[in-house]
Amino acid sequence: MIRDVALGQYIPGKSGIHRMDPRVKISLTFLFIIFLFVGSNYASMGVMTVLVAGILLATGIPLRQYFKSLKAVLFVVIFTSVLNLFYGSGQVLVQWGVMQITEGGVNRAVFIALRIVCLMLLSAALTFTTSPTELTDAIERLLKPLKIFHVKVHEIAMMMTIALRFVPTLLEETDKIMSAQKARGADLESGGLMQRVKALIPILIPLFVSAFRRAYDLAMAMECRCYHGGEGRTRMKVLKAKKSDAVAVIGALLLCAGVILLNIFLPGTVR
Amino acid sequence: MALIETKDLTYIYGEGTPFRKVAVDSVSLKIEKGEFIGVIGHTGSGKSTLIQTLNGLLRPTSGQILLDGRDIWEDPKKIRSVRFRVGMVFQYPEYQLFEETVLKDICFGPKNMGLSDEEAEQRARKAAEFVGLAPELLEKSPFDLSGGQKRRVAIAGVIAMDPDVLILDEPTAGLDPQGRDVLLAQISGYHKVRENTILLVSHSMEDIARTADRILVMNDSKAVMFEDTKTVFSRDTQLEAMGLRVPEITKIMASLKEKGWPVDTALTMEEALRQLMPLLGKGGVPGDS
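Sequences listed follow chains L and Z, in order. Under this note's numbering, think of the first position of the first sequence as 398, with each following residue one higher. Under this note's numbering, think of the first position of the second sequence as 4, with each following residue one higher.
Quick caveat, the hints were computed from the structure, so don't treat them as lab data. Worth double-checking, as some hints may not be accurate.
Stated by the list, open to error - With a cut-off of at most 30 angstroms between alpha-carbon atoms, the simulated DSBU-like pairs for lysine-lysine come out as follows: (1) Lys595(L) with Lys81(Z); (2) Lys573(L) with Lys233(Z); (3) Lys80(Z) with Lys465(L); (4) Lys10(Z) with Lys143(Z); (5) Lys595(L) with Lys107(Z); (6) Lys639(L) with Lys541(L); (7) Lys195(Z) with Lys107(Z); (8) Lys143(Z) with Lys573(L); (9) Lys573(L) with Lys254(Z); (10) Lys36(Z) with Lys573(L); (11) Lys595(L) with Lys195(Z); (12) Lys80(Z) with Lys573(L); (13) Lys107(Z) with Lys573(L); (14) Lys254(Z) with Lys233(Z); (15) Lys254(Z) with Lys595(L).
Given the sequences, and given the hints that come with them, work out the whole structure.
Written out as structure tokens, the structure is:
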């Protein structure tokens, strides 16, 4: 059911990755995602794949959890790779009417699938090992330079924290409302597209009403505790980079340099 | 033949994950037509899960639920018809309201059953009467009502489907004392008129004592007792060991009996008064009919 969806769920643990500075984790995740798309031949892509696999293992989280997070994008992966099969040039492998599968197409399909899967796994590794509070703290810190453009960094981070905090609550609520309407005979499983969309009304309206109610309550509770935005607000936990974080950054940069070198010295498989 | 029968009913959450939890553990019970059954058990004892399997909202991991002798999961496509026969009112049901008017909202269930607009409306008005909603409220938006009124609308929405079995999960939670009494009286009244089967889940032992014929006690996912109300409430030590208690008045009467007074188990204040007043030499109870 709805509760089984692994959506940015934090899974507490004690691995080195769990203990890393969240700012470093976010930055490195971004760097690696970029390099997933930089790698343009099997050698450099292989390095990235091994890296991702290494990170997953290092988190110490059961691989089953990662597979679950992949389930959501499985369709996208299959769809885009099948589509890519038919694009591309090079030696024709299968000819089937006007459709043809070429060597280039196969390579593209493999690359696109690998890239999406690795991207999902990396972001799953990030959200599994970093609690939402750490995550938003780090984002707030990383976005701080934007303050000179008068971007309200703290407020944005607070909004993200609240949004993340309420995802499981609202999921649970949706589940409850769905059960209640099903008990009144709502049919959510059959019918055409229009009918299905219509069937969502009895679920969405109560959900919105309760979301607004919660928003009012929360705003009131925050005001009662004299929340007034980020100005002059200090932190209980100040983020501090450790030596191990520095090692991780240097290692990551070396790896990326390696990927670039492999790209230059070996022929590219995909553009 | 029993109206509802469960055979080794078991429900497990998150089977095959680290979060695996047995919520209902091989429960077998028989519920006859027309019974008023109270379901008690501390939080997490599995009562909510049990009642949700009874109307097919949750499919049991193993075991069977027989409605009129037929397995409700015999044809999973027809599970909706089971939900019409076994009506379920959830905890805090007021959050399920969504229509423009109260009347339309109560009609939602009957219309899902495929009834005509007139028939659905007729049923909705009758259901509204049962729960004591004034006719002028029916044209209002459900979001303009008070909490207690919303609760009544939601309950009416299920009663309007005219189910043979009505399951209520803590219908009085969060209501003020007077609201509780009135709502309970209405539920009892509905039960008497309609002569259907009711399952009432509640944390209030007083509520259960006042309404139920039989009590099902859930503890640690198992059905540990399923007997008539007096028998269950005479086992106060056993109940207390499970984090439950007996109604205050029952406890007082039990202590009096222990001290040698010639009294019997009493479940409600009225019953206790009826026994105590003569002992105090005051004769009958005022207003006792």
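- Message: Flag every earlier hint the structure violates by its number, smallest first.
- Response: Checked against the structure, the hints that fail are numbers 2, 4, 9, 11 and 15, while the rest are satisfied.
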